[in-house]
Each structure stands twice: as structure tokens, then as C-alpha cells.
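**Student:** Next come the chains, spelled out residue by residue.
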Amino acid sequence: MQEIVTFDNVGLRYGTGKEVLSDISFTLYPGSFYFLTGNSGAGKTSLLKLLYLAQRPSRGLIKLFGTDAVTLTRDRMPGFRRRIGVVFQDFRLVPHLSAYDNIALPLRVSGMSEKDLDAPVREMLDWVGLADRASARPATLSGGEQQRVAIARAVISRPEILVADEPTGNVDPEMALRLLKLFESMNALGTTVVVATHDVHLLARIPEAHMMRLFRGKLADPTGVLRHPPKPEARNPDDVLPSFPPKDASDYFRQGPDGS
Amino acid sequence: MLGFFGISRAERRLIPDTRLAGPMPWVIAIMIFLTILAVAAGLSLRSGASAINAQLSGRVTVQILAGDSDARDEQLAAVERALDASPLVARRDTLSDEELQQLLTPWLGGDILDDAITVPAMIDVDIAGPMTTQTLQELRNLIVAVSPDARLDPHGQWLQPIFDLLLSLQFLALFLVILLSVATAAIVVLTVRGALNTHGPTIGVMHLLGSTDVQVARLFQRRVALDALFGSLLGSGLAALALYLLSRQIDGLGAGLLDSGQLDWLDLLVLVLVPLSGIILATIVARLTVVIALRKTL
Chain S
1 MQEIVTFDNV GLRYGTGKEV LSDISFTLYP GSFYFLTGNS GAGKTSLLKL LYLAQRPSRG
61 LIKLFGTDAV TLTRDRMPGF RRRIGVVFQD FRLVPHLSAY DNIALPLRVS GMSEKDLDAP
121 VREMLDWVGL ADRASARPAT LSGGEQQRVA IARAVISRPE ILVADEPTGN VDPEMALRLL
181 KLFESMNALG TTVVVATHDV HLLARIPEAH MMRLFRGKLA DPTGVLRHPP KPEARNPDDV
241 LPSFPPKDAS DYFRQGPDGS
Chain R
261 MLGFFGISRA ERRLIPDTRL AGPMPWVIAI MIFLTILAVA AGLSLRSGAS AINAQLSGRV
321 TVQILAGDSD ARDEQLAAVE RALDASPLVA RRDTLSDEEL QQLLTPWLGG DILDDAITVP
381 AMIDVDIAGP MTTQTLQELR NLIVAVSPDA RLDPHGQWLQ PIFDLLLSLQ FLALFLVILL
441 SVATAAIVVL TVRGALNTHG PTIGVMHLLG STDVQVARLF QRRVALDALF GSLLGSGLAA
501 LALYLLSRQI DGLGAGLLDS GQLDWLDLLV LVLVPLSGII LATIVARLTV VIALRKTL
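Each protein sequence line maps, in turn, to chains S and R.
According to the working numbering, the first sequence holds residues 1 to 260 in order.
According to the working numbering, the second sequence holds residues 261 to 558 in order.
Some hints here could point you the wrong way.
Unchecked claim - Simulated crosslink set (DSS-like; lysine-lysine; CA at most 27 Å straight-line):
(1) Lys115/S - Lys556/R
(2) Lys218/S - Lys63/S
(3) Lys18/S - Lys63/S
(4) Lys18/S - Lys181/S
(5) Lys556/R - Lys18/S
The hints are simulated quantities; they were obtained by calculation from the structure and are not laboratory data.
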């Protein structure tokens, strides 16, 4: 299977400071689920920034969708970014836009007409349980609600890669589980999911997921499994997929998080 | 639904209108007002210079300064014959005694033509073809041959400093227009840069979601274009009122030279183009400012 992301000996430093990431090498395959763990300050967010093209590495090679992302020109960046959904640690919702408009943002950016985007946005609002909060601005939403808006915004355009930075950091355990189900649903539809978290309980929920552990800016990979993870086709999808996400993608967004 | 600049109503909300508007429409109104006045002044000076040039520069006054009136009349008749026979002359008009009297009375009082003072005879001559140094010299030779006391007074000679002044004023008007355009562009740059800083987080999110620089620029250029449209309409209205009042005052003076500075329909078209150019300039500058600023980001 063609790898979707390849990091080869990547290093990152901000300005003239010391490297926050060193010698990072790994490969991500399409349709796989990855957890990125590590203590605070280990470099998880920095690594994700490289992944969703918010930073260029100081050294090394990054290939995204088979293309060298390090030398990618600015005019080609938007096309790549539209293929990656991001749930930011701090949500980054646009404060003067309603929940509806925040979720609709990726579709508007991609040029979808207002007529065409209304249905998916409303379905997504319904799916994350915020149908009645569509017109609410972020400042009036709770932390958990903001997080759900951020997640809905990240997944609405059906990205090929979904990157989530501490997505369960501000929610209760029940909501964390629902969000994880959501990511699994996306993964079941073929999206490569990368979730950065230091919540060990979360890791146990998806035993099939690959683990990447960062320690002081380096990928702890003593066995070499992270560098060369087992290819996804080796796994039995039925073992991975929970019963919640429908197999048919067209029905996917019409169901609630609990499958109702 | 797509609207102005191909931006949907929902997309417009990405950048709140109120934060960008501020004083820019009013400043642009002032700039457009001043620019229209400068352009109108320049065009009026050009029109006036052309009219004066057409009326006077091809004209020469011949003065016959004989010692007594008999000699003067003889030389006058000889000069008239010479002028009538010359192909250099398109028209000549000898001033009558009454006309001379009228001309001199304000300075020398009445009855001078009856007294001992011999007043020079004067002939207005319109040159056929363009006035050149060679033409003037040939005409001078022709007249001096029959009237040694005659003196040629080409109008273009004493008008030259006036033409030079008018030309300088036209260049000054052009310079003012350039300065005002640069100032308008600078205001747009500063305003857009401020707005970019204010909306930096929103733009950052848009970029990470796959927005292109042009998509972001369109939001700003639309806002700036609307501000410029408002400012241009206001500035143009005020300038039109000012020019109308000035033209009324000039009409009231009934002065020939001032009348010659009237604007024709082509000039008015140029004036109409000023606010349009202002809107286009502001829009282009806004777009370039955004695109150049965003190029510095990843």
C-alpha cells in the first residue's frame, strides 16, 4: 500500500533555539489509526504542525500524499491542506462566526455553494449534538461544545488525514469516548487518523491503533515498529471497526454519535 | 449567492465590516475631492493656455513711431501696402484714431490725438501659418524696408512668460495628483495592514483550512472597494459643487482670459474618471498589500 505520510530524519527548531524535534522518522498508511503520545513539552504539537503544514522542518524529508512537502510551493499548499482535517488543541474557532459558519468554513474555502453546503453543515451540527446551537458564537459555547464544533469543522470536508491535537483535553470521559467513536468512524471510512494525547485510558480504547511516543523531541521507537508499522491490510477491518459507523458513507453523516 | 467580487454573503462575514471601515472612506473622500480640484485646475490651465495661444501667439502689432503725423501716415500707407502684398500675412487691421483714443485715454486722458503728441499708428497683423523666428524676421525686414521707424511687437514674445507659468502650474497640478494618489495608496496600505493584524487569527485558520491568498485578498479588497466607492461619491459630489460655484463666479466676472479656461466635455470625462480611478487604485493596492503580506507566511 502506498504510504500517505513519510517523515525521514526530520528535525525542527524554532528560530535559533535548540531542536524541539530530532531525527523523526515514521510512515503513515492510508486508513490507519495512530496515537501520538508523550509528556507535555515532548513535541507532539510541533510534530502535528509539520503534519498539517503549519511549519516547515529545519531538516529532513517529509512526503505527503507522495509529494515532497518540504519544498512544496505556497500556491500548492491550499490544495494539500484541504486534504487534511485538523482539530486544534485550542480549537481556533473564528470568534465572530456562529457554530454553523465555523463548521461551514472548510466547505466555503473549497468553493462549495451556499445551497450545497447547508445540508451537510446541519447534519454535522446534528451529529455532534449542537443542532440547537447553530447560531451560537464560540464565546457563548462551553468548552466541550467548542471542541465539538472544532471537530465537526475538521471532518466536514471528509479529509484524507484527520489530525487531532489533544481532542479530549477539555471534555468529560463520556464525551471523550464519543469523540473517539467519531474518529473511529472517520477511520472506518478510510481516513487516516492521528490523535495526539497523553490520556493513557484513551489509548486502550483502540488496541489496533499504532502508537507513536515522543520523548524530549525524539520518537521512542526501540523496536522499529513505528518506523515500519504493519500495513493496514494485514488487519481484519471487522476487528477494528466498532458497530457505530455505518459502512455506507452516504449514511454516515445522517446518524448521531450514538448511532441513532 | 455570490455577490460583489464573487464573494457570497456568508463569506463576507469572515471579516467583520465595522473593523475595517473606520476613517478610510472619509479620508478617501478628502483625497478624491482634492484630486478632482487639482485635475480640474490643470485641465483649465491647459484649456486657457491653448485658447490664449490660439488667439494671440500668431499675432503681431506693428507700431509706426514717426516724428510727425504726416510722416507717420505716409509710412502707415506704405506698410499697409507691403502687408497686403505679403503672403506672410493672413489679415491686418489698422487701428482707427477713435480706437487709438479709446486705448490711450485711460493712461493719457482724452483729446490727445488733437494735441501736439504724435501717437504711433498701430496695425494688428495675423500671421498666416505658424509663427517662427524666421517668419518674424521676414516680416520685420518687409516692414522696416518701407518704414524705418516701424517696430514689431510679437504677442507671443510677451506671452511666453505667461505660457511658461501656465505650464509650470499644469505640472504642479499633475504633481499634486500624483502625490494625492500616493497618499491614497499609503492610507489603503496602512489600513489593510492594520486589518490584517486584527484578523490575523481568522486568516491563519482560513489558511490552515486550505484558503488561498487570493481568497483572503478578495475579502479585504471588497471592503476597501466599498469604502473607496463611498469616499469617491462623497468627494466627487463636493468637488462638483465647488467647481460649479467657481464657474458661476467666473461667469459673473465676464473676463475674457478666465472664460478661455472653461472645461469641455472631454475634460469633464477626465474628471469623472478620477473617482473611478481612485476606486480601482484602492482596490488594487488592497489586493497587493494582502497578497504581499501573506506571502511572508507559510
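**Student:** Determine for every hint whether it applies to the structure shown.
**Tutor:** Status of the hints after comparison with the structure:
A distance of roughly 35 Å separates the Cα atoms of Lys115/S and Lys556/R; the hinted pair therefore is violated under the 27 Å criterion. Taking the CA atoms of Lys218/S and Lys63/S, the gap is about 19 Å. The hint holds against a cut of 27 Å. Of the supplied pair hints, the one linking Lys18/S and Lys63/S holds, its CA atoms being roughly 24 Å apart against a limit of 27 Å. Distance hint between Lys18/S and Lys181/S is unfulfilled; the C-alpha atoms sit about 38 Å from each other, more than 27 Å.
About 23 Å separates the Cα atoms of Lys556/R and Lys18/S, which keeps this hinted pair within 27 Å; it holds.
In this structure, the hints that do not hold are numbers 1, 4, in rising order.
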